[in-house]
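Asker: The chain contents come next:
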Amino acid sequence: MAKPTPRPTPTEQPFYDACKNNELALQHCRDCSHVLFYPRTHCDQCHSENLVWQQASGQGSIASYTVVRRGVSADFEAPYIIALIDLAEGPRMMSQIVDTEPEALAVGLSVNVDFAAWSEDITLPVFRLHPALSEDSL
Amino acid sequence: MTKSGLGGKYALIGMAESDVGIVPNKSPRELCVQVTLEAVRDAGLTLEEVDGLITCNAFAEPIMYHAEAVAEYLGWEPRHCVTVNTGGGTTFMAVNMAAAAIEAGMADSIVVAMADSLRSFMTREQAMAVQSSSGHPHYEQPYGPTVPAYYGLIARAHMHQFGTTEAQFAEAAVSCRAWASQHPKAQMRDVISVEDVLTSRAIADPLKVLDCSLVSDGGAAVVITRKDRASDAPHKPITLLGYGEGHAYEHISQATDLTTSAAVHSGRAAYAEAGLTADDISLLQLYDCFTPALLIQLEDLGFCAKGEGGDWLTSGISRPGGAKPLNTHGGMLSYCHPGNPGAMFGLTEAMTQMRGDAGARQLPDISTALCHAQGGIMSSHATLILGAED
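Line by line, the protein sequences give chains L and P. For what it's worth, my numbering labels the leading residue of the first sequence as 771, then goes sequentially. For what it's worth, my numbering labels the leading residue of the second sequence as 970, then goes sequentially.
If we strip away everything but chain L, and leave its shape as in the complex, we get:
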């Protein structure tokens, strides 16, 4: 069994194209200003199709996290950190926090996006503790 890897739909493709360029892109609704994640055909607040892609800041904070001690499959070497990240633009996303000791983590800490190759075609956003924080917390 291989790592699950996204097979983007045409709607989602701009998100993955941006990731490949080490950019985090989010859909913004031109009608109600809502910022969406995950990518959709319709705004999940006002159901408008009038959506536009914009580059995000890549900054966020930890809404929650867990250290997976028993990996989901042999393709995932435990331990690894799964987190919910509240992006500065509003949406929440699941990701991994990489290159961090679990003891340094806390709900509310600032994180910055980074990018990691998941397959030949797919690059995914991951997060790192804000540099200042990772030094203070250790």
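A few of these clues could be false.
As the list claims (entries may be wrong) - Negatives, chain L to chain P, calculated, CB over 12 Å: (1) Thr775; (2) Lys790; (3) Asn791; (4) Ser803; (5) Ser818; (6) Gly828; (7) Glu859; (8) Ser880; (9) Asn882.
Claimed, not checked - Quick list of the computed label-pair ranges, beta carbon to beta carbon: (10) Cys802(L) to Val1178(P): 44 to 50 Å; (11) Glu1046(P) to Asp801(L): 51 to 57 Å; (12) Pro1289(P) to Thr779(L): 50 to 56 Å; (13) Pro849(L) to Arg1158(P): 27 to 33 Å; (14) Gly1013(P) to Cys816(L): 51 to 57 Å; (15) Ala886(L) to Lys1275(P): 34 to 40 Å; (16) Gly974(P) to Ala886(L): 49 to 55 Å; (17) Ala876(L) to Pro1031(P): 38 to 44 Å.
The hints are simulated quantities; they were obtained by calculation from the structure and are not laboratory data. Cβ coordinates follow ideal geometry from the N, Cα and C atoms, glycine included.
Add chain P to chain L, keeping to what the hints say.
Answerer: For chain P alone, kept in the frame of chain L given last:
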């Protein structure tokens, strides 16, 4: 918030459980067939007198037309026959759908039957893979979350927001095990302490293996009919007093609130229909897939204030001898958890207690019971309130 409007008109007149725990000698389909027949017999009926079947598919033996296949196996041609899938919430949603189908004239009495064999008919790896596949295929699963990890995220958020401790989560497992120790069929019967839970193997921080429900085989079924037709049944009919659903999201990364669930809505609707409050409930059968899920349901269903689930559990009120007996068969943490059918055993235990057939663990005066089931990652919720009075 939904309200079914069927409260008080329908009753559970039959029930059956298969062997539970490790049951390698029967496939999920065979277990489902067994409990279907036994529940019908328990209701004092023959299969020819029952005209509806609602089932849930099995992970370990998926069948495209599951309910039809179970009926066919029995050489039975029910008028109403349908497979439902809302994960662990399928259980009580199917019970309510049965009442609604009878109300609509689609059948006169219906069997709800579910079985699965995650323990004996799947490898550990397969069971883990199929359960974690509930994660979003593009925006969750690629990162490698496990189902315990999803609940670890919920647990951590509750700890951060309300100061809940790992020891307080552990109290849920300790309470369920204390009850299971009194049940001869329970998969895990050795009494455990908070210390045992805290020092058990780490799975997904802050959850340890004893915070996680079991991986089991087993099936259970119930028979539902109109209350005015229930008086001929050999056992005391158990009335469906109230039912409610709540649906907030599917994927945990889309939850707007990690520590308050749509159980608030399902509970509110069920209480309103039953004309009862949490104070009136004498037996609680909640969905203990992981200890934090049970703790949050206690809060969301009004048994304690938000954020006080840990204190409520630590008080011992849910344990044998306590004022609010909870999961008296041992729950999915200790009795059995064969996947989607898990909550059915909370329902059959409530019926057993209300019939007075619970043996050594029989409680006095169980007039009302609240059974709760959930699907997804605290996503979809179904609350069923039962009454024992005629």
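Asker: None of the hints should be skipped; say for each whether it holds.
Answerer: Structure-based check of each hint:
Look at Thr775(L): its CB is around 6 Å from the nearest CB on chain P, not clear of 12 Å, so calling it non-interface is violated. At the 12 Å boundary, the C-beta of Lys790(L) stays outside the reach of chain P, the nearest C-beta of that chain being 15 Å off. Once the 12 Å rule is applied to beta carbons, Asn791(L) is consistent with being away from chain P; the minimum gap is 18 Å. Against the 12 Å criterion, Ser803(L) stays outside the reach of chain P, whose nearest CB is about 18 Å from its own CB.
Every CB of chain P lies more than 12 Å from the CB of Ser818(L), the least distance being 19 Å, so the non-interface label holds. Even its closest Cβ contact with chain P, about 17 Å, leaves Gly828(L) beyond 12 Å, as expected for a residue assigned away from the interface. Chain P leaves Glu859(L) outside its interface by the beta-carbon criterion, the shortest separation being 15 Å against a cut-off of 12 Å. No Cβ of chain P approaches the Cβ of Ser880(L) within 12 Å, the least distance being about 15 Å, so the stated non-interface status holds.
With 12 Å as the threshold on Cβ separation, the claim that Asn882(L) sits away from chain P holds: the shortest Cβ distance comes to roughly 17 Å. In this structure, Cys802(L) and Val1178(P) meet the distance hint of 44 to 50 Å, their C-beta atoms being roughly 45 Å apart. Taking the beta carbon of each, Glu1046(P) and Asp801(L) are about 53 Å apart, inside 51 to 57 Å as hinted. Checked against the hint of 50 to 56 Å, the pair Pro1289(P) and Thr779(L) passes, with Cβ atoms roughly 53 Å apart.
With their beta carbons about 32 Å apart, Pro849(L) and Arg1158(P) fall inside the hinted range of 27 to 33 Å. A beta carbon spacing of about 55 Å between Gly1013(P) and Cys816(L) agrees with the range 51 to 57 Å that was offered as a hint. Distance hint check for Ala886(L) and Lys1275(P): the Cβ-Cβ separation is about 38 Å, which falls inside the suggested range of 34 to 40 Å. Against the hinted window of 49 to 55 Å, the Cβ-Cβ separation of Gly974(P) and Ala886(L) comes to about 52 Å, which satisfies the hint.
In this structure the hint that Ala876(L) and Pro1031(P) lie 38 to 44 Å apart at CB holds, the actual value being about 42 Å.
Checked against the numbered hints above, the structure violates only hint 1.
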